[in-house]
Amino acid sequence: MVDLAQISGIWFGAALNIFIWSLVFKENRFYRFAEYTFIALSAAHFSVLGVKSILTIGWIPLSTGKISYIIPFIFGFLLYTRFSEYWRWLSHWPIAILVGVGIGLGIRGAIDIQIIKQIRATMKLAVFANPMEAFNNILFVIMLISVVSYFIFTFAQEGTLGKGYNYLYRLGRLALMAGFGIALGNTVAVRLALFTSRWIFLIKDFLGIG
Amino acid sequence: MSFIKSKTIPLVITVIVAIFMLLEYYFPVPGIKSTAKTIRDWAVIIAAFALGLGAANLLRIHSLNIQRRTTGIWPFSIWLIFMLLLFFVVGVTLSIEHTAYKWIYQNGYLVLYASVFSLISFYVITSFYRAMSIRSIETSILIVCAIFAMLKNTPAAVAFWPGFETIGTWLLDVPNASVHRAAILTAAIGSIALSIRVLMGRERAQLAE
Amino acid sequence: MTKKETTLKDWINVTVILQILICLAVAIPIAVPIGLPVPITEYTRNVYNIVESIEPGSVVLFTNEVSAGGWGEMASPTTAVMQHLFKRPVKIVFVEFFEDSPILTEMALDKIDKGDKVYGVDYVHLGFVPGYGTAVAMFAKSVWTAFPVDYHGTPLEELPLMADIEDASDFEIQIEAQTVPAVGPVDMLQHIHSPYEVPFVVIATAVAAPGHMAYVESGDISGITIGVKGGAEYEILIKRLGAGAATMDAMSISHLLLIIVLIVGNIIYFTKRRGP
Chain G
1 MVDLAQISGI WFGAALNIFI WSLVFKENRF YRFAEYTFIA LSAAHFSVLG
51 VKSILTIGWI PLSTGKISYI IPFIFGFLLY TRFSEYWRWL SHWPIAILVG
101 VGIGLGIRGA IDIQIIKQIR ATMKLAVFAN PMEAFNNILF VIMLISVVSY
151 FIFTFAQEGT LGKGYNYLYR LGRLALMAGF GIALGNTVAV RLALFTSRWI
201 FLIKDFLGIG
Chain V
1001 MSFIKSKTIP LVITVIVAIF MLLEYYFPVP GIKSTAKTIR DWAVIIAAFA
1051 LGLGAANLLR IHSLNIQRRT TGIWPFSIWL IFMLLLFFVV GVTLSIEHTA
1101 YKWIYQNGYL VLYASVFSLI SFYVITSFYR AMSIRSIETS ILIVCAIFAM
1151 LKNTPAAVAF WPGFETIGTW LLDVPNASVH RAAILTAAIG SIALSIRVLM
1201 GRERAQLAE
Chain W
2001 MTKKETTLKD WINVTVILQI LICLAVAIPI AVPIGLPVPI TEYTRNVYNI
2051 VESIEPGSVV LFTNEVSAGG WGEMASPTTA VMQHLFKRPV KIVFVEFFED
2101 SPILTEMALD KIDKGDKVYG VDYVHLGFVP GYGTAVAMFA KSVWTAFPVD
2151 YHGTPLEELP LMADIEDASD FEIQIEAQTV PAVGPVDMLQ HIHSPYEVPF
2201 VVIATAVAAP GHMAYVESGD ISGITIGVKG GAEYEILIKR LGAGAATMDA
2251 MSISHLLLII VLIVGNIIYF TKRRGP
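So the protein sequences, as listed, match chains G, V and W. 33 is the number that the working numbering gives to position 33 of the first sequence; each next residue is one higher, with no gaps. 1122 is the number that the working numbering gives to position 122 of the second sequence; each next residue is one higher, with no gaps. 2102 is the number that the working numbering gives to position 102 of the third sequence; each next residue is one higher, with no gaps.
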């Protein structure tokens, strides 16, 4: 028996896919239809997950007697006061909790993982087993220092020291370009992989070829 | 009333909450640990409430579009609200494991999301033809590195000459890792500086009207 | 004012030709597969070896932060690594910290051969918890607080696998599939790997991989597979070809086309610049 849900899904999906790609020719109503559908589905999906999460991590403990969980519920509802001009100031309180937690967790994590461990790993580069590794390690450290110095804007680059700094600054820019180039090459891979996956859907699932 | 409405109270909340998160890590005594854990658990519930903000805002804006009959947009606004409510009602009443929800997710949401992302491929090829010209040392380094990164990602090229894999891997492991470590270090310092500014009340973007 | 008719000549220009070429470079190898070779990279082989060497009976934490838009690229490596885990005598706990991901995990679970593994005993899908980095920290501290019930609504008390799991230290290793910048390896390193010393492996999208290489160099990330190519290589290693292998011909030809277009574009640029 033909699976009607599957077939209708493929036709619906193929139509939406082609509507989105129609933007390549020009902005049109089909594209806008697909665009609005995407926004609607995205917002609805996030809301559904929100409701499901409130029920599991909020309502279950509250219903089992943890009365203190009423507080995050009140703060959660306060978020929606931002749509009222008069009560908007109340929405800043739950946002303050989210920002405070984010800052606290962010600072402690950044110091450990992004600063201390990264510096420690760089210092370990002083140890090497062969000339090739030595070359790589030296290049690594030079590029690292030059890129970090590229991001320092707090003092004027003048005098003899400033001249030396300018060379480092220039090297930093070249190193960044190498990094951007590698990132570009990899970005292309992602876009082509997604493009290919859509073509597989259109050719194999929709047209039934291959 | 003006004090309650002021931005001082949110700022004090932010500072107290952030301090508890930091104290929990550096001075993990039981009282602080349990308070920090409670605040974090609450924050996750508040974050769950925040997931509906986007939908609420969309409903508000597009209802206005329909009300004002905004030229060229209002019929799409009707469609948007219809789809939003439909998907939401299906998800909440039938659950996200229901066949109907999965059908809309797989054949609508996933397809649209992937199609939007893949659309860029059409522009990548034209930009490679028109914009990627070697005009300076900087652009030549960028383009050469991009070519080798792409060759590394081309299985047929690597099978033809394994050297492409070696060069691509070296680029990824040495120059790229070095540049990204520098970016990680500077971004971490920047984010800590920004956090301190927020805690001092110098940065108030999160409390913008 | 009369409306100008669009003729065929108006449509045919370099832009359109290039766009047709990229479509053909992808579509033809899909319709008529060529079977170009796919060599295995060290990155992928390393991840395979790590999964292969996980102690029997250990509990693996599999976190999925792939967006629906990125699933086209990530379906192959994520499914392949999951399939490998199901072949090994280990227990698996699936968790998501991004909204799109729980259904994607279910889609992958539907596709793989689960062997004799039993839900609740050998593997569990806990589902999604909101809050990104904050949620990761909450989960790491207390798994049961983050998930009073699993994805299907079953209380954790009824799942034998969860009886011995309290916090992140109860996991032998964490494997993470990620595409979104909102939550990812940095959060996992900050809140799970570093405080609880859980080895960490990443299934990365190709665009994010360069950003993770500093952590690979520092040893914080033990292994990384990169993009759909990594997925295709992994499928070859576990001898179960799937979505990744099917895309490799198209990926090879489209990449080569882009490189040719880049070179031709530069030749034309230099020719024009040197011209009169």
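It should be emphasised that the hints constitute simulated quantities derived from the structure, not laboratory data. Built from N, CA and C at the ideal position, the CB exists for glycine as well. Hints may be right or wrong, so weigh each one.
[What the hints assert, rightly or not] Within a straight-line C-alpha distance of at most 27 Å, the following computed DSS-like cross-link-like pairs (lysine-lysine) qualify:
#, chain 1, residue 1, chain 2, residue 2
1, V, Lys1007, G, Lys66
2, G, Lys204, W, Lys2114
3, W, Lys2272, W, Lys2239
[Claimed, not checked] Some chain V residues near chain G, calculated using beta-carbon distances under 7 Å:
#, residue
4, Ala1055
5, Pro1075
6, Ile1078
7, Trp1079
A quick look at each hint next to the structure:
Only pairs whose Cα atoms come within 27 Å are accepted, and V/Lys1007 paired with G/Lys66 is rejected, the gap being roughly 31 Å. Our distance criterion of 27 Å between C-alpha atoms is met by G/Lys204 and W/Lys2114, whose separation comes to about 26 Å. Of the supplied pair hints, the one linking W/Lys2272 and W/Lys2239 is violated, its CA atoms being roughly 51 Å apart against a limit of 27 Å. Taking 7 Å as the C-beta contact cut-off toward chain G, the hint placing V/Ala1055 at the interface holds, the least distance being around 4 Å.
Given the 7 Å rule on beta carbons, the hint for V/Pro1075 is violated: about 9 Å separates it from the nearest Cβ of chain G. The restraint placing V/Ile1078 at the interface with chain G is violated, with a minimum CB-CB distance near 10 Å, outside the 7 Å limit. Annotation: V/Trp1079 was flagged as interfacial toward chain G, and the flag holds, the nearest CB pair being 6 Å apart, inside 7 Å.
In this structure, the hints that do not hold are numbers 1, 3, 5, 6, in rising order.
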